Amino acid sequence: MIRRTAVLLLLSLAPAAHGQTLGQTLGQTPGPAPAPAANAPDFARLEAEQSAANAKPGPRAVPARRIPVPGTVSPEFQAAIAAPYRAPAWNANPDSAAEWTALVGRLAAQTAEPLPALRERLGVVSTPEVIGGVKAWIIAPREVPARNRNRLLVHIHGGGYVYNPGEAGTVEAVLMAAFGGFTVISFDYRMPPDAPFPAAMDDAMAVWKAALTLQRPENMAVFGTSTGGAMTLALMLRARQEGVTLPAAIAPGTPWSDLTETGDSYKANEWLDNVLVSYEGYLTHAARLYAGGHDLKDPQLSPIYGDFRGLPPTILTTGTRDLFLSNTVRTHRKLRQAGVEASLQVFEGMSHAQYLFNPDAPETREVFGEIAAFFDRTLGSEPRGP
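Mapping of the sequence shown onto this note's numbering: residues 44 to 429, in sequence order.
There's no promise every hint is true.
To be verified - Simulated crosslink set (DSS-like; lysine-lysine; CA at most 25 angstroms straight-line): (1) K252 x K310; (2) K178 x K252; (3) K99 x K310; (4) K310 x K377; (5) K340 x K310.
Stated by the list, open to error - Restraint ranges, calculated between C-beta atoms of paired labels, are given here: (6) P405 x P188: 17 to 27 angstroms; (7) V173 x L387: 34 to 44 angstroms; (8) P159 x K99: 50 to 60 angstroms; (9) S117 x E172: 27 to 37 angstroms; (10) G336 x A104: 29 to 39 angstroms; (11) N97 x E172: 48 to 58 angstroms; (12) A91 x Q121: 27 to 37 angstroms; (13) R109 x G336: 40 to 50 angstroms; (14) E186 x E384: 53 to 63 angstroms; (15) A104 x T170: 49 to 59 angstroms.
Hint data in this document are derived by calculation from the structure and do not stem from the laboratory.
All values reported here derive from a predicted model rather than from experimental measurement.
In this text, a Cβ means the ideal position worked out from N, Cα and C, and glycines have one as well.
Kindly generate the complete structure, drawing on both the sequences and the hints.
Put into structure tokens, the structure is as follows:
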């Protein structure tokens, strides 16, 4: 149940992939030739067709293919990779604001329903609060480890700026509290169609300013996945512009850092990512709803177009099948070019944000373990002064 409903958490579309042998990729001398395959004549025909189709510079033509589920991941993750597309989350396009609201509410209820049982099983407590005038939850393990007792994380949920209102948006915060041992603020920012940009960013800024009164900034980090990853980056740009103190670290997971559908994996992974599937699904409509007529290259909408100099140490997460793989890679490169300490972790076979879907998958625990270790290294732990 948890795995089925958690997929609705984020949403998505995805593309198609292909590859060479590792030796070919690295330019190594091949070993002994394998025995001819039964379909060798078919390959010879295909080789000739593809060579002819790609004989001139330009877009790459690839044949129709079936991409197997990799055997290089855990059985739990193989099940996630093999799962069908989740309709209507990935391809939703309601005709009216009322229909959007109804769809979002229905999916949010499905996602939130198993959360009490998940928190109980993982030993996590969730307490409703109002922080900076915004509805929020303080989510923490029942027993916070000593090293984290003076640390505080702010979580920004994903969902394409339209999905996961209310408690549905707290799943990632629950996993971070459970697997990282941190106290987390997760908040319910306003979303379209009722509240387009900049409402969500105004709420994020209000929560961040309020959080700064609760803990030393040296002991704090901001994290989130997909939309939450993009908003994490945009919040850093806005806080720096407004002269507000930044946290000690950030963790944007597979960030939607460019709303303009710019990047190789938007097409290279189209129809392969079984979460987002294709940008022409709901993402195109959600981007327009959120932007509300603003320029999609505004760094507050697409932070990849902002100036990353001076941003905190950053850890990014994506997967080889992620539609947002290029978003994440481009963000990593731009951070490095700006002189920011940035770590990029890419997981085998992972579609968009799939580390949020099954808390029992080893890959899920590994993702949050990597982020927690990064925070442990970059965050301070001294108590606040009087």
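| request: Run the structure past the numbered hints and jot down the numbers of the failing ones, going up. | output: 1, 14
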